[in-house]
Amino acid sequence: MTPTTFKHISFLLIGFLILVAVYPIIAATFPTSKYSELALLGPTGKVNVYQNQVKLGEKLPFSIYLANHEDKVELYRFEVKTVQNTTLTSNPPYDTVPIFTDLVIVENNMNVTKTIDVSLSSPFNGKIVVELYKFDSSTGTYLFSNRWVSAWLKTTN
Amino acid sequence: MKQIVALLLVSLLLYTTISVKAVDQNEINSAITSSFQAVERAEKAGGNVSSEVGLLNQAITLVRNGSDDNLTEALRICQEVSLKENILVEQNLETRNMGYYQTTAIVIALLAAALLINKYGSKLYLSIWKTIWGNWRIERV
Numbered sequence: 335m336t337p338t339t340f341k342h343i344s345f346l347l348i349g350f351l352i353l354v355a356v357y358p359i360i361a362a363t364f365p366t367s368k369y370s371e372l373a374l375l376g377p378t379g380k381v382n383v384y385q386n387q388v389k390l391g392e393k394l395p396f397s398i399y400l401a402n403h404e405d406k407v408e409l410y411r412f413e414v415k416t417v418q419n420t421t422l423t424s425n426p427p428y429d430t431v432p433i434f435t436d437l438v439i440v441e442n443n444m445n446v447t448k449t450i451d452v453s454l455s456s457p458f459n460g461k462i463v464v465e466l467y468k469f470d471s472s473t474g475t476y477l478f479s480n481r482w483v484s485a486w487l488k489t490t491n
Numbered sequence: 010m011k012q013i014v015a016l017l018l019v020s021l022l023l024y025t026t027i028s029v030k031a032v033d034q035n036e037i038n039s040a041i042t043s044s045f046q047a048v049e050r051a052e053k054a055g056g057n058v059s060s061e062v063g064l065l066n067q068a069i070t071l072v073r074n075g076s077d078d079n080l081t082e083a084l085r086i087c088q089e090v091s092l093k094e095n096i097l098v099e100q101n102l103e104t105r106n107m108g109y110y111q112t113t114a115i116v117i118a119l120l121a122a123a124l125l126i127n128k129y130g131s132k133l134y135l136s137i138w139k140t141i142w143g144n145w146r147i148e149r150v
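Note that the protein sequences, when read in sequence, are chains A and B. Residue numbers for the first sequence follow our numbering, beginning at 335 and rising by one. Residue numbers for the second sequence follow our numbering, beginning at 10 and rising by one.
Take every hint as true, because none was put in to throw you off.
Which residues of chain A face chain B? A few of them, derived with a C-beta cut under 8 Å, are:
no.	residue
1	K341
2	L347
3	E441
4	G474
If you want the ones that stay clear, here's a sample from chain A, every Cβ over 10 Å from chain B, calculated:
no.	residue
5	Y369
6	P377
7	V383
8	L390
9	G391
10	Y399
11	V414
12	Y428
13	D429
14	F458
15	N480
16	S484
17	W486
Here are the simulated distance ranges between beta carbons:
no.	chain 1	residue 1	chain 2	residue 2	range
18	B	N144	A	K341	24 to 32 Å
19	A	T490	B	T104	53 to 61 Å
20	A	K488	B	N95	52 to 60 Å
No lab work stands behind these hints: they were computed from the structure. Quantities reported herein were computed from a predicted structural model and do not represent experimental measurements. Virtual Cβ for every residue (Gly too), placed ideally from N, Cα, C.
Bound-form chain A, shown alone:
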């Protein structure tokens, strides 16, 4: 190794160290995308493997998977609604009164699975819709997150 090569290598080393020192600033300047994940799980805990019929008074065969990638802790409220075939013309959020509501706080990059602990007492044929709301600290209200999932469901006797 000649002294010139030695100098070149040490220059490279200095450049690498400067990059290491500056990287956190660059990473903070260009933040990654922020989003929440919502999925409806069937009785086996899988997406898209749903039980489409349920007996009256029986617990709904669904649970909810929720993951937070919003870069901060989030307070979520999810609302479970029954929407008849006839009112399925528009997109959520629906005006229907929820049959089940629950809150959950999820840390950044964490996920949670919640059961829908409710049953139907009257005949129904339509969609079970789950709408996700996030608590907005600046307004002190829950805002619709544009995340929703649904599955067909029919009650039997």
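Dock chain B against chain A, hints included.
Just chain B now, with coordinates in the frame of chain A:
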């Protein structure tokens, strides 16, 4: 006179009953959101809020179960979490400052070492080379 005393006693009893049943759903919902805001602020300041998130989720579960005792306990948890905000921020400030100083010291030390090697390294390398192999002679075989 006896009637007045009896009336006063009944009033006192009613007042006590009403006072004990103080926690209602709106109050607890408001307590949860304000505690969550405290957690949010503590996290923004860099605090580790994992245990507080666990406590608040526990309070939410208690609220869902719904008895008066559960609501009172949930309210107590919310108040406890809100009170922890400042402690979490202070704890984090110390840890963050220490980490910042350590990182800065390491970066400065490495840069200084690299600059010194760049300036004097080649001479040092040559002198070491001469010390080890300087007395060697190349001979034709």
